[in-house]
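Trainee: Chain residues, written in single-letter form:
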Amino acid sequence: MFSAPPFWQNGPAPGSFYDFPNMQPQVQPNDFRQHTQSPVTTSTSLVAVTYDKGIIIAGDLLASYGSLARYRNCPRIVKVNNNIILGSSGDYADFQYVQNFIEQKVISDECLDDGITLKPKSLYCWLTRILYNRRSKMDPLWNNFIVAGIQDGEPFLGTVDKQGTAYSDKIICTGYGAHIATPMLRDALDNKPQLTQAEARAQVERCMEVLYYRDARSFPKYQLGIIDADQGVSIEGPLQVAQNWSVAHSIKGY
Amino acid sequence: MSLVVKPNFPDYQTAPVQRGFNPYADNGGSVVAIAGDDFVIIGADTRLSAGFSIYTREQNKLFPLSSTTVLGCSGCWCDTLTLTRILKSRMQMYQQEHNKTMSTTACAQMLSTMLYYKRFFPYYISNVLVGLDNDGKGVVYSYDPIGHCEKRTHRAGGSAGALLQPLLDNQIGKKNMLNVKEEPVSQQRALSIIKDVFISAAERDIYTGDSILINIITKDGIKEETFQLRKD
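As given, the protein sequences belong to chains A and B, one line each in that order. The numbering of the first sequence is the working numbering, which starts it at 19 and goes up by one. The numbering of the second sequence is the working numbering, which starts it at 5 and goes up by one.
Read the hints as simulated data drawn from the structure, not as lab findings. Just so it is clear, CB atoms sit at the ideal spot from N, CA and C, and this is done for glycine as well. Hints may be right or wrong, so weigh each one.
No more than 30 Å apart at the CA atoms, straight line, and that leaves these computed lysine-lysine pairs for DSSO-like [said to hold, decoys possible]: (1) Lys-155(A) - Lys-92(B); (2) Lys-155(A) - Lys-239(A); (3) Lys-92(B) - Lys-123(A); (4) Lys-71(A) - Lys-188(A); (5) Lys-235(B) - Lys-139(A); (6) Lys-199(B) - Lys-155(A); (7) Lys-210(A) - Lys-123(A); (8) Lys-223(B) - Lys-188(A); (9) Lys-239(A) - Lys-71(A); (10) Lys-188(A) - Lys-141(B); (11) Lys-92(B) - Lys-137(A); (12) Lys-178(B) - Lys-122(B); (13) Lys-199(B) - Lys-227(B); (14) Lys-188(A) - Lys-235(B); (15) Lys-223(B) - Lys-185(B); (16) Lys-199(B) - Lys-188(A); (17) Lys-141(B) - Lys-92(B); (18) Lys-235(B) - Lys-199(B); (19) Lys-137(A) - Lys-188(A); (20) Lys-92(B) - Lys-227(B); (21) Lys-71(A) - Lys-235(B); (22) Lys-104(B) - Lys-92(B); (23) Lys-139(A) - Lys-227(B); (24) Lys-122(B) - Lys-139(A); (25) Lys-179(B) - Lys-139(A).
Residues from chain A that keep clear of chain B, each with C-beta distances beyond 12 Å, as calculated [stated by the list, open to error]: (26) Gln-114; (27) Asn-209; (28) Gly-255; (29) Val-259.
Can you build the whole structure from these sequences, using the hints too?
Mentor: Written out as structure tokens, the structure is:
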């Protein structure tokens, strides 16, 4: 490579910096920490859709070690209180860490005994801050959270990812579901903007079925969380994906 | 040259994989603003996306800071959420300390300072701040992610910024045209240019589309308007 001589004796070469004489050599810090681990025990997609009076959210019970289906009974759709359901995909340990945190918050709320409970939008906002704070430390919580709830009689569905990117919409799917289930649900909502609970449930079940066929990290055992303005919170499961492999033999070319 | 294709099965690799973490995301979105003598118009598309996924088709990216000031943000959405939340509380603190609302010019300076404060871990946002100045004249301030601030009459920022700015320079700034007379842009013309410009952006930029939210700021307050774009 071409390099020009320095401008003067011991001076900088064109394009490089001047080295001040008698400077102490820069000492590397030895107390540094390496962050940004990769996720270990991971869970796959979540599917959530809003219907006229509430929200349905589904996610399977599998926690994988890479491609190994390691733990096969890991619930990740949980009731927070009477008006919030929390779902998580991504690292299962990070989810449990956040879950413990939230459980303690709910207990503290209860102890005040003032009848005021955590609201969905408050939890959603709080999660945004927690995750953004951790991403700013370059030590993220490797999760995609979905908050489903009823606030002021209206369904609220929001999501936060590991960077703190947050948005709310009528349809939210994470992981592989964002590519496979979101278009299916958007199509369903284009045909009928206000689904009933039964219709929404049918759509979500169809999504779980297709995801089981197409997502190699999925599992046929899943949970269904329903939060309804009238009926409150219910977590159903374990449910089984209705499998039909009768056409599988005709699929060729992969 | 060997014609044998080396198989690649990442799931079956035994070597440890270091998963990189990128604190920033490009969530796309475009903001266009045009200032006139007694008004200013700002428009932002409502698509929030990442890569080839559309997160949501109805995301408001305009943040009213006072009755005469609006901020439009595009870029990294998590930074936008944080910045606008801090801005909102700074506006409230100013209001309560001085018992008056912060002027647009003061907002513009504060935003620049707040962005530069994070010089070495910046908010990755393309900001466009619009409002009426102390004389009631429309102003547009545009920023880079680390706080460089510029006052102008028209600005396109965000994912389609590079696509739209020359068009605005031509249509609003009357650049590169012969025999044109400089005259202030009317509110009606500014509004139709913003709509046209977004239609064009939605054709060429995958991060711009779905619909636009427009804020028209005059001495009478902020008027909101929406306009549908292509949703593919």
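Trainee: Now tell me, hint by hint, if it's right for this structure.
Mentor: Results for each hint:
Proposed proximity of Lys-155(A) and Lys-92(B) is supported: the alpha carbons are some 24 Å apart, at most 30 Å. For a cut-off of 30 Å, the pair hint linking Lys-155(A) to Lys-239(A) is broken: about 36 Å separates their Cα positions. Simply put, Lys-92(B) and Lys-123(A) have alpha-carbon atoms about 26 Å apart, close enough for the 30 Å limit, and the pair holds. For the suggested pair Lys-71(A) and Lys-188(A), the alpha carbons sit about 12 Å apart, so the restraint of at most 30 Å is met.
Annotation: proposed proximity of Lys-235(B) to Lys-139(A) holds, straight-line Cα distance about 28 Å (limit 30 Å). At roughly 40 Å between alpha-carbon atoms, Lys-199(B) and Lys-155(A) are farther apart than 30 Å, so this suggested pair is violated. A threshold of 30 Å between alpha carbons decides the hint, and for Lys-210(A) with Lys-123(A) the separation of about 38 Å lies outside it, so the pair is violated. Restraint check for Lys-223(B) and Lys-188(A): the C-alpha separation of about 36 Å exceeds 30 Å, so the hint is violated.
For the proposed pair Lys-239(A) and Lys-71(A), the alpha carbon gap of about 26 Å is at most 30 Å, so the pair holds. At most 30 Å may separate the alpha-carbon atoms for a hinted pair to count; Lys-188(A) and Lys-141(B) exceed this at roughly 40 Å. Distance check on the hinted pair: Lys-92(B) and Lys-137(A) sit about 22 Å apart at the alpha-carbon level, within 30 Å; holds. A hinted pair counts as satisfied when its Cα atoms are at most 30 Å apart, and Lys-178(B) with Lys-122(B) does not qualify at roughly 36 Å.
Simply put, Lys-199(B) and Lys-227(B) have alpha-carbon atoms about 16 Å apart, close enough for the 30 Å limit, and the pair holds. With a C-alpha separation of about 16 Å, the suggested pairing of Lys-188(A) with Lys-235(B) holds against the 30 Å cut-off. With a C-alpha separation of about 27 Å, the suggested pair Lys-223(B) and Lys-185(B) falls inside the 30 Å cut-off, and the hint holds. About 27 Å separates the Cα atoms of Lys-199(B) and Lys-188(A), which keeps this hinted pair within 30 Å; it holds.
Of the pairs offered as hints, the one joining Lys-141(B) and Lys-92(B) holds, with about 23 Å between alpha carbons and a cut-off of 30 Å not exceeded. Proposed proximity of Lys-235(B) and Lys-199(B) is supported: the alpha carbons are some 15 Å apart, at most 30 Å. The suggested pairing of Lys-137(A) with Lys-188(A) holds, with an alpha-carbon distance near 18 Å, which does not exceed 30 Å. Restraint check: the Cα-Cα separation between Lys-92(B) and Lys-227(B) comes to about 20 Å, which is no more than 30 Å; the hinted pair holds.
Among the hinted pairs, Lys-71(A) with Lys-235(B) is consistent with the structure: their alpha-carbon atoms are about 27 Å apart, no more than 30 Å. The straight-line distance between the Cα atoms of Lys-104(B) and Lys-92(B) is roughly 15 Å, inside the 30 Å bound, and the hint therefore holds. For the proposed pair Lys-139(A) and Lys-227(B), the alpha carbon gap of about 27 Å is at most 30 Å, so the pair holds. With a C-alpha separation of about 28 Å, the suggested pairing of Lys-122(B) with Lys-139(A) holds against the 30 Å cut-off.
Pair hint Lys-179(B) plus Lys-139(A) does not hold up; C-alpha atoms about 48 Å apart against a cutoff of 30 Å. A cut-off of 12 Å between C-beta atoms confirms that Gln-114(A) is not in contact with chain B; the least separation is 20 Å. Remark: the non-interface label on Asn-209(A) is consistent with the geometry, its nearest Cβ contact in chain B lying 15 Å away (cut-off 12 Å). With a least CB separation of 27 Å from chain B, Gly-255(A) remains clear of the 12 Å interface cut-off, as annotated.
Remark: the non-interface label on Val-259(A) is consistent with the geometry, its nearest Cβ contact in chain B lying 22 Å away (cut-off 12 Å).
Against the hints set out earlier in the document, violations occur for numbers 2, 6, 7, 8, 10, 12, 25.
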